[in-house]
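Chain by chain, the residues run as shown.
There are 2 protein chains.
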Amino acid sequence: MIGRLNHVAIAVPDLAAATATYRDTLGATVSAAEDLPEHGVTVVFVELPNTKIELLHPLGDDSPIAGFLAKSPTGGIHHVCYEVDDIRAARDRLESAGARVLGDGNPKIGAHGKPVLFLHPKDFCGTLVELEQA
Amino acid sequence: MIGRLNHVAIAVPDLAAATATYRDTLGATVSAAEDLPEHGVTVVFVELPNTKIELLHPLGDDSPIAGFLAKSPTGGIHHVCYEVDDIRAARDRLESAGARVLGDGNPKIGAHGKPVLFLHPKDFCGTLVELEQA
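Taken in sequence, the protein lines are chains A and B.
Note that full-length UniProt numbering numbers the first sequence so that position 7 is 7, with each residue one more than the last.
Note that full-length UniProt numbering numbers the second sequence so that position 57 is 57, with each residue one more than the last.
In silico DSS-like links for lysine-lysine, alpha-carbon gap of 25 Å or less:
hint, chain 1, residue 1, chain 2, residue 2
1, A, Lys122, B, Lys71
2, B, Lys52, A, Lys122
3, B, Lys114, A, Lys52
4, B, Lys52, A, Lys114
5, B, Lys114, B, Lys52
6, A, Lys108, A, Lys122
7, A, Lys52, B, Lys52
8, A, Lys71, B, Lys71
9, B, Lys122, A, Lys52
10, A, Lys71, B, Lys122
Just so you know, these hints were derived from the structure itself, not from any lab.
Model the full assembly from the supplied sequences, consistent with the hints where possible.
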């Protein structure tokens with residue numbers, strides 16, 4: 001069912017410093033910072049040859065990553081995102097296997113303009129998993 | 001400098017259960033479990049079209065992931081591994097930028113038979129980074 005690893009998301013307390021680390025210290029290609037107010041984050045994309053890293057920083061008062069950074073002030077890996085062909089079919093398969101889909105179970109439009117869902121970390125090896133329809 | 005994302009490593013408390021989650025629930029192709037006593041882990045490879053996930057379980061009394069699982073009993077993402085062309089040149093560049101390389105700074109032979117180094121999480125957005133010579 002799952003296909004490509006679309007991205008690894010890393011929550012960071014200082015987006016400029018994290019961008020410099022990936023651009024200057026690790027020598028990767030990075031995008032300009034982009035505010036995504038509907039997702040409560042500002043994001044910088046680190047382009048690797050086979051996938052990307054997303055550096056996430058809280059935006060606004062209700063950011064979904066604010067709690068994560070409160071617990072992990074130096075930042076850390078927030079989630080991984082796998083691609084699926086059909087997100088509703090994926091959800092139905094997961095729910096029938098007893099896995100928990102976060103929220104109301106309906107796909108939302110994610111940061112790349114495609115339908116996404118998040119899965120409960122306790123059902124997936126302690127890892128927050130995003131599914132994105134490819 | 002960094003190239004492909006070689007893998008994302010997830011430490012898991014129950015390797016059979018984690019393998020079943022990725023194989024049956026998420027529908028991915030998984031390898032047989034492989035003991036790597038020199039690295040203190042048993043590993044299952046989850047093959048994705050563009051990269052792989054490595055499910056790591058402690059092996060032996062001195063496993064490098066035992067402490068991680070003691071702190072995160074349900075498991076979690078342990079590290080990401082980026083490929084580099086020349087690991088000694090990468091190390092020299094990182095050290096001259098003030099980043100800390102773990103251990104004695106000399107590359108070891110990693111789980112794939114290639115030279116690897118680990119970088120200090122505090123210098124890389126709270127993320128343990130492995131570099132592997134491609």
